[in-house]
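Participant: Below, each chain spelled out in residue letters.
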Amino acid sequence: MSAISERIPGREAVKAKGWFRAHKWLLARRASQLAFLALFLSGPLFGLWIAKGTLASSLTLNVLPLTDPLVALQSLLAGHWPETAALAGAAIVLAVYAALRGRLYCSWVCPVNVVTDTAGWLRRRLGWKDGVSLNRRTRLILLAGILIASAVTGTIAWEVVNPITQLHRALVFGSLFAGGIAWTVLAAIFLFDLAVAPRGWCGNLCPVGAFYGLVGRFGRVAVSAPRRAACDSCMDCYQVCPEPHVISPALRGAGSEVIQSPDCTACGRCIDVCPQDVFALGLKGTAGAAPLRQGERL
Amino acid sequence: MSAQSDKQGVARRRFLATAVKATAGAGCAALLVGEVAAPSRTLAATALRPPGAKGESHFLAACVRCGLCVRACPYDTLKLADLADPASSGTPYFEARQIPCEMCEDIPCVVACPTGALDKGLTDIAQARMGTAALVGHETCLNVLGLRCDVCYRVCPLMGKAITLDMRHNERTGKHASLIPVVHTDACTGCGKCEKSCVLEEAAIKVLPTELARGRIGGHYRLGWEEKAKHGGELVDGIIDLPDRGYTPPSLGPSLGKEFKP
Ligand code: SF4
Ligand code: SF4
Ligand code: SF4
Ligand code: SF4
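Quick mapping for you: the protein sequence lines, in order, are chains A and B. Mapping of the first sequence onto the working numbering: residues 1 to 298, in sequence order. Mapping of the second sequence onto the working numbering: residues 299 to 560, in sequence order.
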């Protein structure tokens with residue numbers, strides 16, 4: 001048993017594929033998260049304005065409005081009919097995530113992901129296995145709760161709390177570096193994920209992730225396990241996956257090798273850490289969905 | 299009872315229990331989040347909203363806390379509230395004593411707002427009501443003390459309308475006048491220039507959220523003269539009009555209430 005519990009996920013993959021290929025998707029995601037931040041920061045830092053505003057609502061290159069659809073929905077429930085710019089922005093965002101995959105937001109855009117990923121990484125390094133396990137459905141209940149709260153209090157209720165926009169605002173408007181205390185919320189999430197519930201925030205609580213999961217159910221981007229026959233049950237993918245329950249049906253099931261669950265964030269960590277190169281990321285329903293790479297060892 | 303219907307009963311009970319649990323959970327979340335969100339309807343005394351902001355409770359339903367108004371402001375007047383700041387976290391506000399609103403003619407902050415939290419109906423900045431100024435330092439204002447500071451009056455973009463200087467007898471010297479800055483709420487935009495420029499260590503004139511500054515008379519008051527006007531004559535017939543005493547105290551002398559035009 002100790003052989004498994006002391007195994008650090010990813011080590012084998014580095015040995016088998018080299019450090020770079022064992023971190024390819026992770027690097028790509030960090031680059032994407034940074035790029036989204038850079039779009040907002042180039043203005044205040046260098047006077048080069050690309051995106052203005054925050055993740056709640058923004059204006060890119062002075063023409064493209066983008067609005068978080070969950071925020072717009074709360075505003076509607078609170079009794080305000082937003083102006084066209086905000087509504088159009090929400091429709092665009094909704095359409096993109098519905099077409100691709102809702103939870104791409106979680107692992108490719110959301111800045112909190114870096115915090116929870118770090119907590120998860122530290123947890124694995126420390127070998128902490130135990131922790132409170134919350135019900136995954138808690139986030140749906142929380143989502144319902146914030147919508148009710150918005151309707152009842154007549155405010156965009158979640159935005160008072162939302163750690164995502166809290167962090168994004170504090171970074172983009174600089175209060176994080178000027179004595180602001182938004183970092184306390186992030187610290188709370190970090191400690192919660194580290195010491196209380198593994199992957200607790202993104203995996204069980206965050207209503208924003210729950211919302212994007214719902215809207216992106218039928219998105220085309222998906223991870224699949226085209227080489228599942230090569231799996232030697234090292235369990236590394238389960239260790240690193242923020243939503244481990246999504247893997248089994250594709251990896252072990254008899255049916256489709258495509259991960260169907262809308263909970264999968266398409267982070268690609270499973271692809272990275274798999275020494276056998278079982279997984280791939282692509283578009284559902286196209287040839288690219290399950291590419292068997294040429295010339296690989298089996 | 300067949301085993302079949304027993305099984306159905308158990309399934310139904312389980313389903314009901316799950317539904318009740320989920321509802322209770324959502325209610326619990328709603329209460330918690332609502333508790334945090336709801337008190338933020340009130341605004342601290344020092345926090346002023348941008349021009350065109352809807353009333354505070356509508357504003358919190360409309361503003362998505364994007365900061366586009368903040369980016370549009372050429373004077374860095376507006377800022378987004380951090381957690382510990384006097385306005386609801388993430389909402390735009392300004393503090394008069396730090397950077398007041400310069401009352402831009404084209405009102406770029408309102409133009410930038412994507413949601414309508416800042417009302418596009420506001421096209422004349424003089425109609426903005428970001429707050430209302432009030433002279434609070436009735437013992438410290440230099441003009442009240444009988445000196446001629448006049449700074450708040452002179453920096454007011456609506457000089458002579460939003461602030462006037464009203465002449466009052468200087469009781470201390472007995473022979474001079476004090477020119478009291480008086481704010482007129484029908485014209486004051488709440489831009490904050492007066493508070494910003496007050497020369498005292500702590501401003502004697504302050505711009506407060508309008509509800510705080512103006513007071514509210516309360517629905518149960520009936521003002522005799524208004525009732526009379528509405529009625530079109532005396533409300534009670536046959537009131538005896540007693541003769542006046544024919545004495546005017548010195549403090550109600552002829553200079554009272556006269557407006558001073560420098
Ligand atoms: S299945 Fe793979 S891509 Fe999906 S969330 Fe888990 S690790 Fe990420
Ligand atoms: S009117 Fe001008 S100075 Fe005043 S808040 Fe708006 S942009 Fe800033
Ligand atoms: S631009 Fe409008 S929605 Fe955005 S922060 Fe300002 S008032 Fe709020
Ligand atoms: S806040 Fe002061 S300066 Fe601005 S309009 Fe009112 S009285 Fe004038």
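No wet-lab data here; the hints were simulated from the structure. Among the hints, a few may not be true.
Here are the computed lysine to any residue pairs in the SDA-like style, where the Cα-Cα straight-line distance is at most 25 Å [claimed, not checked]:
1) B/K352 x A/L76
2) B/K352 x A/R137
3) B/K352 x A/S133
4) B/K319 x A/D277
5) B/K319 x A/R137
6) A/K24 x A/D277
7) B/K418 x A/S133
8) B/K418 x A/V196
9) B/K418 x A/R137
10) B/K319 x A/S133
Example chain A residues on the side facing chain B (calculated, C-beta under 10 Å, incomplete) [as the list claims (entries may be wrong)]:
11) S32
12) A35
13) F36
14) L37
15) A38
16) G47
17) P65
18) I146
19) L147
20) S150
21) A151
22) I156
23) N162
24) Q166
25) P226
26) D232
Note that the coordinates shown come from a computational prediction; the quantities given were computed from them, not determined experimentally. Here a beta-carbon is modelled for each residue, glycine too, at the ideal position from N, C-alpha and C.
Participant: Each hint needs a verdict: does it hold in this structure or not?
Facilitator: Against the structure, the hints:
| no. | hint | in the structure |
| --- | --- | --- |
| 1 | B/K352 x A/L76 | holds, 16 Å |
| 2 | B/K352 x A/R137 | violated, 37 Å |
| 3 | B/K352 x A/S133 | violated, 44 Å |
| 4 | B/K319 x A/D277 | violated, 42 Å |
| 5 | B/K319 x A/R137 | holds, 11 Å |
| 6 | A/K24 x A/D277 | holds, 12 Å |
| 7 | B/K418 x A/S133 | violated, 49 Å |
| 8 | B/K418 x A/V196 | violated, 47 Å |
| 9 | B/K418 x A/R137 | violated, 41 Å |
| 10 | B/K319 x A/S133 | holds, 17 Å |
| 11 | S32 | violated, 21 Å |
| 12 | A35 | violated, 20 Å |
| 13 | F36 | violated, 15 Å |
| 14 | L37 | violated, 15 Å |
| 15 | A38 | violated, 16 Å |
| 16 | G47 | violated, 12 Å |
| 17 | P65 | holds, 6 Å |
| 18 | I146 | holds, 5 Å |
| 19 | L147 | holds, 8 Å |
| 20 | S150 | holds, 8 Å |
| 21 | A151 | holds, 9 Å |
| 22 | I156 | holds, 6 Å |
| 23 | N162 | holds, 8 Å |
| 24 | Q166 | holds, 7 Å |
| 25 | P226 | violated, 36 Å |
| 26 | D232 | violated, 38 Å |
The structure does not agree with the numbered hints 2, 3, 4, 7, 8, 9, 11, 12, 13, 14, 15, 16, 25 and 26 stated previously, though it agrees with the rest.
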